[in-house]
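With chain A's structure known, arrange chain B on it following the hints.
Just so you know, the sequences run in chain order A and B.
To convert, take the position in the first sequence, counting from 1, and add 58; that gives my numbering.
To convert, take the position in the second sequence, counting from 1, and add 58; that gives my numbering.
These are computed hints drawn from the structure, not numbers from a lab.
The reader is advised that the hints may include incorrect statements.
The list treats identical chains as interchangeable, and a pair is accepted whether it falls inside one copy or across any two copies.
Stated by the list, open to error - Straight-line C-alpha distance at most 20 Å; calculated SDA-like pairs for lysine to any residue: (1) K100 / S172; (2) K173 / T98; (3) K338 / Y263; (4) K350 / P132; (5) K260 / E324; (6) K338 / L134; (7) K338 / K401; (8) K260 / W351; (9) K338 / W351; (10) K472 / W133; (11) K350 / E99.
2 protein chains.
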Amino acid sequence: MSDSRDPFTTRRGFLKATAAAGGAAMTAGAAHAAGDPLITEKQPWAQALGDGVDATPYGLPIKFEEDVIRRNVPWLTADPISSINFTPIHALDGTITPQGCAFERHHSGAIELSKSDYRLMINGLVDTPLVFTYADLERFPRENHVYFCECAANTGMEWAGAQLNGAQFTHGMIHNMEYTGVPLRTLLAEAGLDAAGDLSDKWVYVEGADASSNGRSIPMEKALDDVLVAFKANGEALRMEHGYPVRLCVPGWEGNMWVKWLRRIEVMDGPVESREETSKYTDTLEDGTSRKWTWVMDAKSVVTSPSPQSPITHGPGPLVITGLAWSGRGAIERVDVSIDGGKTWQTARLGAQGVKNALSRFYLDIDWDGSEMLLQSRAMDSTGYVQPTKAQLREVRGLNSIYHNNCIQTWWVKENGEAENVEVS
Amino acid sequence: MSDSRDPFTTRRGFLKATAAAGGAAMTAGAAHAAGDPLITEKQPWAQALGDGVDATPYGLPIKFEEDVIRRNVPWLTADPISSINFTPIHALDGTITPQGCAFERHHSGAIELSKSDYRLMINGLVDTPLVFTYADLERFPRENHVYFCECAANTGMEWAGAQLNGAQFTHGMIHNMEYTGVPLRTLLAEAGLDAAGDLSDKWVYVEGADASSNGRSIPMEKALDDVLVAFKANGEALRMEHGYPVRLCVPGWEGNMWVKWLRRIEVMDGPVESREETSKYTDTLEDGTSRKWTWVMDAKSVVTSPSPQSPITHGPGPLVITGLAWSGRGAIERVDVSIDGGKTWQTARLGAQGVKNALSRFYLDIDWDGSEMLLQSRAMDSTGYVQPTKAQLREVRGLNSIYHNNCIQTWWVKENGEAENVEVS
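Isolated chain A, as found in the complex:
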């Protein structure tokens, strides 16, 4: 705390600068206070007792927030058991995603697997193939990291211009949680990785205990770097739908590799080239060939509010534009926001210094003149990478792709505050 500063002058100046026309709008409430029964009359909630501390041993959101939930798109896949739902990012703020509304993607449904039934095998090119119980895993040194997990297909429906009307549906296959677990390298070392010889050409193949098994190959360099065998998210046990009791975290890499209900890790001489890394999770280009091993999620961002599901509900004056930015290559260093479809850009304020492989929250506090806007955001990461426009990305990748669409998103915000998903040339 600083005794010497004059908060009045400083702060008034700040608000005046950012919200020159806003004073009147924002103090409208005051003028009406005298006639507002919510102010002048004692309300029921101040005259009665509320709920006791025994009411909700484990709490849920209040009923007024019943719209802030995961939503799926029934037509997207043949069955909800092999489908996806979306995080309500349009209604969230900050950076942490609660487990209860963090998106799901299942290939054969979420399974119920107890800790006592849980086993993790490490086999293949190791000294001593091992089987770990859950209790065994709890005995190794743990780490905590906040990581984003993004499905490779996030924003995928936009490649062909589906223009789903809401940030939840265009960009909601992402979550950001504080994971606790044991580094994979620790468990590999326990099994005696030296039997594998030269590690530079080795891979691990990871699979889950569900019927799909969702097997994926991971190069040894990544496996030994930052891959985490995780059992907690945001402090508590993983939820069933997030892989209880154990899932893999593959920081910065596509969500499909974050195998849930982790069952087996095999050290191998090469990749398996499984279904999930050949016919799926590869990117078909204009000429019919496909990119593969496109694991890293490139820098990306989206304005979460205002957006189609989060319209402006007030007139001209102070407006908070906010959104999320992330990169699987490095920390977010800067996010620019445009209100004119990319003609001019303003640098947004980051809620906190960017952290590698974690979501950043950005804010741009503007004085909205009430006219329509073409809202965009553009992320830059610590490698110098700049998020591309849709046109730039299509020029390189064509229109056949499903995965890895990290292009700049545009919301058309109308004079009435409503917003639509649009493309700008």
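Using the frame of chain A, we list chain B on its own:
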């Protein structure tokens, strides 16, 4: 990623150093794998489809975790409406507390107040008394901060030696969440704080919309420093029991000041000396006089596992000792752990660099020899403050206090792995 490092040698060395006798214990699973039907036989969960993505629009913990809930102590107060429940810190890891199991303290129960019924008044020594709607608040520049909130009475029952048998009950009146909101100084500036003249002797009085109103006085220096008018926690709306739609965050200061359902802020010439800051939330000393304005939560820590509710369930060998540390005066810089009741200390590993006014997670990875332990942890913060022993604290404060017990906690861990709350001289 580093190409040059030899992970095998490095990691094996690390494990050997920390868990010299542990290899045998931890690979026991492997020896039995051949006869383990969980390994040799295809399990039901790998042969059937699980739940679809439409199963849980907003998820809850899996049924196997039904014990990881807030718990209250029925005999603690006359009625659960004016009582407290406790965060299950013994079962959590990392640092974030999910809202669903974050402790509650109510003075007249948790009230249901909608955003449309919400009003916040700023009055008293200001240019323009203002009334803000919820929508008004959303138009001011926001900040995100991870803060701990600790009830002043946390560990209070230990003053007189109640020795509740579990970290949840001795230290669970704490949570740690990522809060999003508007700095109070921004709203005070909007109301024109210059009418108050010299601010050095001014205070704000804050009260909630519930029947208790729970009014508290806060010196202006703090009000203008880091107090936050918050509407989101861990990304989503505050839960009803945490003050939906708006609560105050008073970083590092006792939880009673974090007024929920925030209704009014009055700028005053001095403190109100309300019930909550005179007959309650003051600390009566041995001579019958009381300390008051003891707002700051001093540095404190506790081992969360092993602990009475989280016994050791395996034999000798590698053991993860973990816990939480925090300080309202600065960041946690170091935590020491003793297994012999404070005779000798080892410096624990912090899960991440300490952050001011937020929880830190610490770990000590030991090779347990199977003999009994007197487990303690001792926090040090960036001001140089060292967490005192119970004897040291009692010498200064006597035995009449209820609040602000931040002494070192001792768990007696027996040879069978069970633990008890004990005092050591």
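Could you figure out if K260 and W351 sit no more than 20 Å apart (CA to CA) within one copy, between two copies, both or neither?
within (15 Å within a copy, 62 Å between copies)
Within a copy, between copies, both or neither: where do K260 and E324 come within 20 Å Cα-Cα?
within (10 Å within a copy, 66 Å between copies)
If the cutoff is 20 Å on CA atoms, where do K350 and E99 land: within, between, both or neither? Let me know, please.
So K350 and E99 fail the 20 Å test inside a copy (66 Å) and across (34 Å) alike.
Within, between, both or neither: how does the pair K100, S172 come out at a Cα-Cα threshold of 20 Å?
For K100 and S172, only the inter-copy Cα distance (16 Å) is at most 20 Å; the intra-copy one is 51 Å.
Up to 20 Å between alpha-carbons, please classify K338 paired with Y263: within, between, both or neither.
Intra 16 Å, inter 60 Å, cutoff 20 Å: intra-copy only.
Between K350 and P132, at a C-alpha cutoff of 20 Å, which is it: within one copy, between copies, both, or neither?
neither (29 Å within a copy, 60 Å between copies)
Classify it for me, K472 with W133: is the Cα-Cα distance of at most 20 Å met within a copy, between copies, both or neither?
Classified as neither: same-chain Cα gap 29 Å, cross-chain 58 Å, threshold 20 Å.
Homomeric proximity label, K338 with L134: Cα distance no greater than 20 Å:
within (16 Å within a copy, 58 Å between copies)
Taking 20 Å as the upper bound on the Cα-Cα distance, should K173 and T98 be classified as within, between, both, or neither?
between (56 Å within a copy, 18 Å between copies)
Give the relationship of K338 and K401 under a CA distance limit of 20 Å: within one copy only, between copies only, both, or neither.
For K338 and K401, neither the intra-copy (37 Å) nor the inter-copy (59 Å) Cα distance is at most 20 Å.
Identical-chain pair category, K338 with W351, by Cα at 20 Å
Within one copy only: 11 Å inside a chain, 62 Å across chains, cut-off 20 Å.
Checked against the numbered hints above, the structure breaks hints 4, 7, 10 and 11 and satisfies the rest.
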